[in-house]
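Asks: Chain by chain, the residues:
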Amino acid sequence: MIKYTIQRVLLMLMTLLIITCICFVLIRMLPPATLPPGDPHTAVIEARREALGYNKPYLVQFGIFLKDVFTRFDWGISDVSGETFGKEVLPLFLEKLPPTILVNLYSILFSIPIGIAFGIWAALKKNSWIDHAISTLTMVVVSVPSFVYAFLIQYFLSFKLGWLPFLAANGTNWFSWEMFRSWIPAIMSLSFGTIAGFTRTTRAELTEVLTSEFMLLARTKGLTRAQATIRHAMKNCMVVILPAIFGNFIGVLSGSLIIEGIFSIPGVGKLYLNSINAQDYPMFILLTVFYTAIGLVASIVVDVSYGFIDPRIRMGSKK
Amino acid sequence: MKKFLICLMALVLVFAMVLPFASCKAPVTNDETTTAPQDEPTEEPSKTPTEEPSETPSETPSEGGSEDTTEEPVVYLPLPNGTGYTYKDSVTVLSSNWNTHTYQTTDESYPVSFLTTGLYGFFFNDEEIYKSTNGSDPYAGYVIAPEMAAELPVDITEEVKAAHPEFNIPSEATAGYAYKIALNPNATWENGEAINADTYVYSMEQLLNPVLMNYRGPDYFDGDFAIANARNYYYQGTTNYTDNGNGNKYALADLVKREDGNYYTADGNAMYIAVYYGVSYLDGNSLGDYADAYGAESIYGIDGWNKLVEAMNDEGMAVLNDETYAALLTTIGADGWGNEDESYAFNYFLEEVVYEDNYDFANVGIYKTGEYEIVLVLEKSLSGFYLLYNLTGNWIVYQPYYEAGKKQIGDTDAWTNSYCSDLASTMSYGPYKMTEYQSGKYMKFEKNDNWFGYTDGKHIYVDPVDGETYTMYQTDSIVCQVVAESSTRKLMFLKGELMGYGLQSADFAEYRNSDRAYVTPSETIFFLIFNGYMDAIKEREASEGFDTTKYDLETMTLNSFRRAFAVTYDKENFATTISPSRSGGYGLIGTAYIYDPETGSRYRDTDQAKQALCDFYSVDVSKFESLDAAVDSITGYDPETAKTLFIQAYNEAIEAGYITDADGDGKSDQTVRIEYCSPATSDFMKQTLNYLNTQLLKVLEGTPFEGKIEIYESAPYGNEWSNIIKAGMSDTVLAGWQGSALNPFSLTDLYTNPSKQYDAKWFNSQAETLTLTIDGEEITMNLKQWSDALNGTAVTVNEKQYNFGDGKADVNTRLNILAAIETKVLGTYNYIPMLQDGSVALLSKQVFYVVDEYNPIMGRGGIAYMKYNYNDSEWIDFVNAQEGGVVKY
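Heads up: the protein sequence lines correspond to chains A and B, in order. If you're matching positions, the first sequence starts at 1098 in the numbering used here and goes up one per residue. If you're matching positions, the second sequence starts at 9 in the numbering used here and goes up one per residue.
Simulated from the structure, these hints should not be mistaken for laboratory data. No residue lacks a Cβ here, since even glycine has one placed at the ideal position from N, Cα and C. Where hints are given, some of them may not hold.
The following label-pair restraints were derived from C-beta to C-beta distances [what the hints assert, rightly or not]:
id, chain 1, residue 1, chain 2, residue 2, range
1, A, Phe-1248, B, Gly-231, 36 to 46 Å
2, A, Phe-1248, B, Val-362, 55 to 65 Å
3, B, Asp-691, A, Phe-1248, 16 to 26 Å
4, A, Val-1237, B, Lys-694, 22 to 32 Å
5, A, Phe-1248, B, Lys-694, 20 to 30 Å
6, B, Gly-893, A, Pro-1195, 51 to 61 Å
7, A, Val-1237, B, Tyr-462, 51 to 61 Å
8, B, Asn-727, A, Leu-1249, 47 to 57 Å
Okay, chain A solo, but in the shape it has when bound (with noise of 0.2 Å):
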């Protein structure tokens, strides 16, 4: 298993190089924006891009992209108009991390239980009108988009019933209760899918467990049917439902463009796509590698997970 994840490693070492440079280069090979010909401004812009070594070979810039990252861990200083311009992009970037990161988490924290245990109660009651409620309620929530939510929950507890805010709380006092209380608006939005999402995970999973011969064995055993879901059936489901959860938790750094922007949490939502947009190099590149390397690790740690959760899969072996 340790020379299995020392490999998986160096192979995501690798990995991470090439999809860097690769995106390095695309993004420098979009023509630049222009502004109207006869702006004086033009020659302004070009003559920075110049300076900035924008006009430099594409396999020269990614060198000194790399001697800066690893000689000084610099990642660069935004010269794009907008919100990053004139700042260093690893800051601000962790700057707005924490509140995405807690949204989704409390996002996740909430619809992990609430939908493995609708799953549970669906998978229970299989077959039954509980069964093909909870079912349909999940094929008609996981279709509707999350800012669907985000608008109905701004209109009824917002602006019908006055009971929440419209957006989130100024400030960065991330841990206060009247910032959580802001930000429900926003848990809940995004907790929808992702209560469905394992509810229905959890329902297919257990019934079929459910339905195995040693479940029946366990019965004959004496256990009753809640100690053998619970002992034997649940720990069997998990081999499919944990990898998910990882996956989830790996997920909230990611954020979410639709959510924050609707209720205005000051997040990293926006900053991928900015970047894309303005030809923000610095910070593009930035979360390029910060995003591929999240993926990446999430890939190795579900991977190896299996193994963990379920003993009989061994990972690495050449037998």
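With chain A fixed as given, assemble chain B onto it according to the hints.
Replies: Same frame as chain A, but now just chain B:
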């Protein structure tokens, strides 16, 4: 099992609720004070709403711009509940760079109006405090008065010309080049430090600092307001290639041929031909780009093109000499390129300008003559309104923060500056100062107690309704939040949490007639451009797949056909249906253009402009009581005339063989298909096409074209749409130009300059003559010449020079020329005006404008003149007293 499930659900809920608190820590209060800037509004409250905070974070600015961040209490309550007056605004993108040397976009400049004050400012003429100099009614005009300056500028051109030859003031100049400006000694930074002449000189030096390459640098030398030698200082040590077509417009005859056989300007600058170098004439593209895209053989005279490519250097330019010039003429004279003659050649020239290195800032036209006195020396003469207008902005920066903010980007040659990018790096000298800021979230401004305007007794006004005198800036604080979605803004506005809400299409039915709905016109007129490029049309008809027995394109080039179109649509109804925030457009020049900034008079209100519309829409003025009544009768919709013209077009088309009537039923066998050039499909476009076709069907009823004319959407052309239209490869599109609101005369260039015309391929403005009688003299020139002369170029006709530019001709003459050009261009029916751009916004009942009428220069007075019906706590009570807590509009 039931028990288990209940327990499980309870655990889930408890877990979900408790976990967040487990990670909470006690809020930390903020113990620091903030300093900051502010400024002042110029304009009305906006299409986007806002909201408000009550308090929050903060950082303490400290010397050098470093910051000490602490955590602060959270604020989410939307309504301030004190007895003050809080303006609650919103934006979709929050500024993060309000440095007046580097900001680029309107979004970024949002805080500038609060945090800075210009040398001069605009005030409503209230006939008490600020008396109008032109006799306009109170609040119908404005007065420009000193703000950061102590007095109006004093012209000292003669004196400076004699004492400072380094500024190169023309020897014949006697005025308009150098001004002494006394500074307001009471002006300070928000921390109380004085602002003096050194501040202005230092700030200009930094603004033009060649190392910093500030984005706003060219604003001070590339327009009408050009500080002497600022360009040389800013570009020192570099070589620039100036686009001749967009600059000096040198023709070959204007240049000097030297011994090396190459051409130079009289100043000795080398001239080049742009081969693979973008020029404004080609919308920033180069001849080479077109060669790559379409094949040089198919569009250029290939021999000439090959010679140009051979002569080209690494930068894509060929030195201008007789050989390359001849090659250029061969290249652009080809059929595929539209047979351009020598008169177009200048558009492809580049002028090489080499800037001296180590240029001394002492040569730049700004210097100190006293503790509170500076002199500005200009490269070009400027005076009156335009001089003061250019000084309503300001360039000063707070030196300690500015220096601390400078940073070299990595190992590159580029520098950046974090000045005015957050609370700690901001220092105000305007009416408000920044007190809170959170990147991407919100910003808050409060009154700057150290702003001179609160104590100088000049920032007061007489209310036009009650006649009482009030102090400007009743607003105590301004809170601007990011609200991305218009639906959210609307809900917040109705709950009283924002001051304004820009109406969306779906809102118009409900709110258009609200007495809180304010219309703000803007400059753009949207018109339908009509294809008349017969060569391209024939080529399209000849292409494989085009069935001429079923379809026709040529008919649309008939003048009668276009004239029929021009009276097929009720412009106001079109606007109401398609884009309710806009209004009907009738002429090429919209209602927002002011021809005389001194008086605020609008072009569209002049008799000349009214007559132009009557001529275009064939309105017989003699049948009306007045010219105004005649203009008011114009709707753009005259179905009877339209039918008559369509019938005439049918007959002409039959005669010309464009269409046929083989079965003799008196109807066209072909459908005239008009392709709408779609940049990208949208609901707006679909609605537009639907409206155009529906209305067309009605008008065509009973004519030979009944059901035989169709406007259909093209495949998406993206950003290429304008090139497609110009090339005649698509037939119509709703498009428009936006020019300077203070200079309607400049718009004529857009319709007569081939490099800008949409219809250059089928309307030669240089072949179309116009005869006008000016000062008793009958003058005949082509449209391009009239336009050039109107915009200040000396045009020679019959060995006599004409210049009708600003200051060269009286305004009435200029208006006559402008209206005549407008009439002439409209008469081509290449452009059919449809929409006047504008917006409508609801204003909160918490506030009101001192004047409802929109003024193109003053807006409705902005924050300075905004008055409150309720303070913050009264407003909360008011909102809560409404049914459901929702304010009705």
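Asks: Look at each hint and say if it fits the structure.
Replies: Now the hints, each set against the structure:
no. : hint                               : result
1   : A/Phe-1248 / B/Gly-231: 36 to 46 Å : holds, 45 Å
2   : A/Phe-1248 / B/Val-362: 55 to 65 Å : holds, 59 Å
3   : B/Asp-691 / A/Phe-1248: 16 to 26 Å : holds, 18 Å
4   : A/Val-1237 / B/Lys-694: 22 to 32 Å : holds, 30 Å
5   : A/Phe-1248 / B/Lys-694: 20 to 30 Å : holds, 24 Å
6   : B/Gly-893 / A/Pro-1195: 51 to 61 Å : violated, 33 Å
7   : A/Val-1237 / B/Tyr-462: 51 to 61 Å : holds, 59 Å
8   : B/Asn-727 / A/Leu-1249: 47 to 57 Å : violated, 37 Å
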